[in-house]
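Asks: Starting from the given sequences, assemble the full structure and let the hints guide the process.
Protein chains: 2
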Amino acid sequence: MKPIILASASPRRQALLEHLHIPFTVYPVEIDEHFSSLSPEEDARRLAKEKTGALLCRAPETASTWILGADTIVVLDEEKIGKPASLEEAERILNCLSGKQHHVITGLALYAPGNAGSIITAHTVTVIRFKHLDAGERAWYLSTGEWQGAAGGYRIQERGGFFVESISGSYSNVMGLPIHTFYGMLRSLNYPLFS
Amino acid sequence: MKPIILASASPRRQALLEHLHIPFTVYPVEIDEHFSSLSPEEDARRLAKEKTGALLCRAPETASTWILGADTIVVLDEEKIGKPASLEEAERILNCLSGKQHHVITGLALYAPGNAGSIITAHTVTVIRFKHLDAGERAWYLSTGEWQGAAGGYRIQERGGFFVESISGSYSNVMGLPIHTFYGMLRSLNYPLFS
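Each protein sequence line maps, in turn, to chains A and B.
111 is the number that our numbering gives to position 111 of the first sequence; each next residue is one higher, with no gaps.
1119 is the number that our numbering gives to position 119 of the second sequence; each next residue is one higher, with no gaps.
Simulated from the structure, these hints should not be mistaken for laboratory data.
Take every hint as true, because none was put in to throw you off.
Label pairs and their calculated CB-CB ranges:
| id | chain 1 | residue 1 | chain 2 | residue 2 | range |
| --- | --- | --- | --- | --- | --- |
| 1 | B | P1113 | A | F35 | 48 to 56 Å |
| 2 | A | I120 | B | G1099 | 19 to 27 Å |
| 3 | B | N1095 | A | V127 | 25 to 33 Å |
| 4 | B | D1134 | A | P60 | 32 to 40 Å |
| 5 | B | A1009 | A | D134 | 32 to 40 Å |
| 6 | B | E1030 | A | N95 | 43 to 51 Å |
| 7 | A | S86 | B | F1194 | 20 to 28 Å |
| 8 | A | G149 | B | F1194 | 17 to 25 Å |
| 9 | B | F1194 | A | N95 | 17 to 25 Å |
| 10 | A | S195 | B | G1114 | 54 to 62 Å |
| 11 | B | Q1148 | A | F194 | 15 to 23 Å |
| 12 | B | K1002 | A | V127 | 29 to 37 Å |
| 13 | A | I119 | B | E1089 | 40 to 48 Å |
| 14 | A | P60 | B | G1149 | 41 to 49 Å |
This one's a predicted model, so the numbers in the text were calculated from it and none came from an experiment.
Even glycine gets a Cβ: it sits at the ideal position worked out from N, Cα and C.
Replies: Written out as structure tokens, the structure is:
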């Protein structure tokens, strides 16, 4: 199989690609991750595409390789939530998520080499329901430090999973790489998955 | 935190406990895993409880330790499906899952030491929808060998995840250990989770 460049430093995305047995290298790019006035779905696709485009600009030799960009946004009551910048922000977000339903959206951008090269984008939405968290649970969870570097301030595949009553949609999407959507993109661009 | 004995050899359950930062040791027990005439939910709880009970019988010294037993069953059109015993059976199951919805049920049994010791059981149901699989996809998936040792003949967290259109409920349940349910059991038996 052809290696894919992952334009993201997320260890969760790397773990998912490993489980899929897809060869990849990591080449994170820094972009301005501020949200725009677009809808969350469009914003997630835009940021994923900007990451892929930024890599092609900064390292033109990557144009001969497959590239995957991704961006994950948490949405609660129409507010877009990224990664908390501080413990205080993580606490505020956790209080907001407690006992409620929120959405997680990951945008993907896949670049295929050949001819002029083409980029396609897609997004996936998952609905998450959190249990009500009492003061002890909140204090304990913040003390684990899992909020750091996580969109929405929790990690579903670690201790944050204790608090997730149910999900509806894709789980891997919440980890940052919706596998089924990614599979459809690979197949539509004729990535040699089965060889 | 107190160590828990996991009465299961499943590497997926071990990985989940690791992510939860719960100390554990593995002590798999072999029991007769044939299904009974009970409902799938009751059967999953029964088998989980039998695993815990078998360990307490065979290794009485474990009575002073927390013990977790688990059993996962796939249900399609009211048929209970365990782990395929052969490539042919895996192929038959994959054909049945293709393009349809099925249920995954994990039963848990948690034993707490102290006094006379107590066992509680619980189960969790997740609904999974598979995409329609064409002949190439089926042949390729069977060639990966992922069906071996997996209830229902696929691994959602590996390449089987390509085919999962959506899930409703708990994801960790499909991996064999429903985290949120487990959390409720730990708290109800006063496991010292936060210390």
